[in-house]
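Asker: Sequence:
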Amino acid sequence: MEGTPPLLVHRTLPAYVRLPGRAPLLAWPGEGQAAIEVEGVGSLGRSGVSTPVPIASVAKVMTAYLTLREHPLTADEQGFSMMITAADVQEEEQREALGESTLSVRVGEQLSERQALQALLLPSANNIAALLARYNAGGIASFVARMNATARTLGMASSTYTDPSGFNDETVSTAGDQLKLARVAMRILRHSKINLTMEIYTEVPDARTREALRKLGDWLA
Numbered sequence: 001m002e003g004t005p006p007l008l009v010h011r012t013l014p015a016y017v018r019l020p021g022r023a024p025l026l027a028w029p030g031e032g033q034a035a036i037e038v039e040g041v042g043s044l045g046r047s048g049v050s051t052p053v054p055i056a057s058v059a060k061v062m063t064a065y066l067t068l069r070e071h072p073l074t075a076d077e078q079g080f081s082m083m084i085t086a087a088d089v090q091e092e093e094q095r096e097a098l099g100e101s102t103l104s105v106r107v108g109e110q111l112s113e114r115q116a117l118q119a120l121l122l123p124s125a126n127n128i129a130a131l132l133a134r135y136n137a138g139g140i141a142s143f144v145a146r147m148n149a150t151a152r153t154l155g156m157a158s159s160t161y162t163d164p165s166g167f168n169d170e171t172v173s174t175a176g177d178q179l180k181l182a183r184v185a186m187r188i189l190r191h192s193k194i195n196l197t198m199e200i201y202t203e204v205p206d207a208r209t210r211e212a213l214r215k216l217g218d219w220l221a
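The working numbering puts the first residue of the sequence shown at 1, with every later residue one more than the last.
The hints are simulated quantities; they were obtained by calculation from the structure and are not laboratory data.
Model, not experiment: these values are computed from the prediction.
All residues carry an ideal CB built from backbone N, CA and C; glycine is no exception.
One or more of the hints may lead you astray.
[Stated by the list, open to error] Ranges between beta-carbon positions, derived for each pair:
hint	residue 1	residue 2	range
1	VAL107	GLU39	36 to 46 Å
2	LEU26	HIS191	21 to 31 Å
3	THR51	ARG18	29 to 39 Å
4	PRO52	ALA23	22 to 32 Å
5	ARG134	THR4	47 to 57 Å
6	LEU7	ALA157	43 to 53 Å
7	ALA145	ILE188	13 to 23 Å
8	THR160	PRO14	39 to 49 Å
[Claimed, not checked] 16 Å max Cα-Cα, derived EDC-like pairs, lysine to aspartate or glutamate:
hint	residue 1	residue 2
9	LYS180	GLU39
10	LYS193	ASP76
11	LYS180	GLU37
12	LYS193	GLU77
Whenever a hint applies, use it, and build me the whole structure from the sequences.
Answerer: Following this line, the structure appears as structure tokens:
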């Protein structure tokens with residue numbers, strides 16, 4: 001209303017309240033390394049030696065993050081579109097022959113950004129990771145350079161990316177570094193309403209860790 005003074009809001013409660021209690025007893029994996037953080041709470045601890053190790057399909061989180069950072073999506077948008085070529089089909093067949101996880105594609109098929117990201121994070125399709133890399137940067141090498149530059153910006157000093165899917169054993173990181181990426185990646189994935197499961201973590205060797213990640217994926221979905 002005309003003449004109404006501006007509204008001023010003052011917080012009367014503290015930004016956070018610390019409650020008494022014991023720290024949770026976590027069932028850490030018997031091998032490898034792990035780290036847990038809760039947003040707004042902080043670190044709940046780490047286990048294992050923080051030595052860079054191959055991260056397999058966990059690398060796809062960076063691929064998804066860079067795609068959405070360059071091409072943001074709202075909940076009701078499909079994003080850009082990619083046309084599947086004969087070369088893309090041939091690449092998918094070659095990757096499948098090597099035992100890689102892939103998404104079957106057909107010549108002339110159109111994949112939206114949202115569909116590609118779902119294929120990247122649900123069935124963990126390596127061929128879609130390469131497809132997104134070429135779309136975003138014009139080539140795999142250029143996209144990998146962006147992955148490493150972003151890792152440095154995020155303070156992921158123990159991470160090295162050599163491919164967009166993580167199939168190469170030279171793509172390495174630590175649990176702590178992946179938490180730094182998760183802080184920003186999960187925020188942009190939630191904003192875009194991109195479904196996420198833990199399929200990308202199925203190569204984790206420890207059975208208890210795989211089960212914990214599966215339950216986390218169910219909760220996130």
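Asker: Compare the structure with each hint and give your call.
Answerer: Here is how each hint holds up against the structure:
no.	hint	in the structure
1	VAL107 / GLU39: 36 to 46 Å	holds, 43 Å
2	LEU26 / HIS191: 21 to 31 Å	holds, 29 Å
3	THR51 / ARG18: 29 to 39 Å	holds, 34 Å
4	PRO52 / ALA23: 22 to 32 Å	holds, 28 Å
5	ARG134 / THR4: 47 to 57 Å	holds, 55 Å
6	LEU7 / ALA157: 43 to 53 Å	holds, 45 Å
7	ALA145 / ILE188: 13 to 23 Å	holds, 21 Å
8	THR160 / PRO14: 39 to 49 Å	holds, 42 Å
9	LYS180 / GLU39	holds, 12 Å
10	LYS193 / ASP76	holds, 9 Å
11	LYS180 / GLU37	holds, 10 Å
12	LYS193 / GLU77	holds, 10 Å
Violation of the numbered hints given earlier is absent; every hint is satisfied by the structure.
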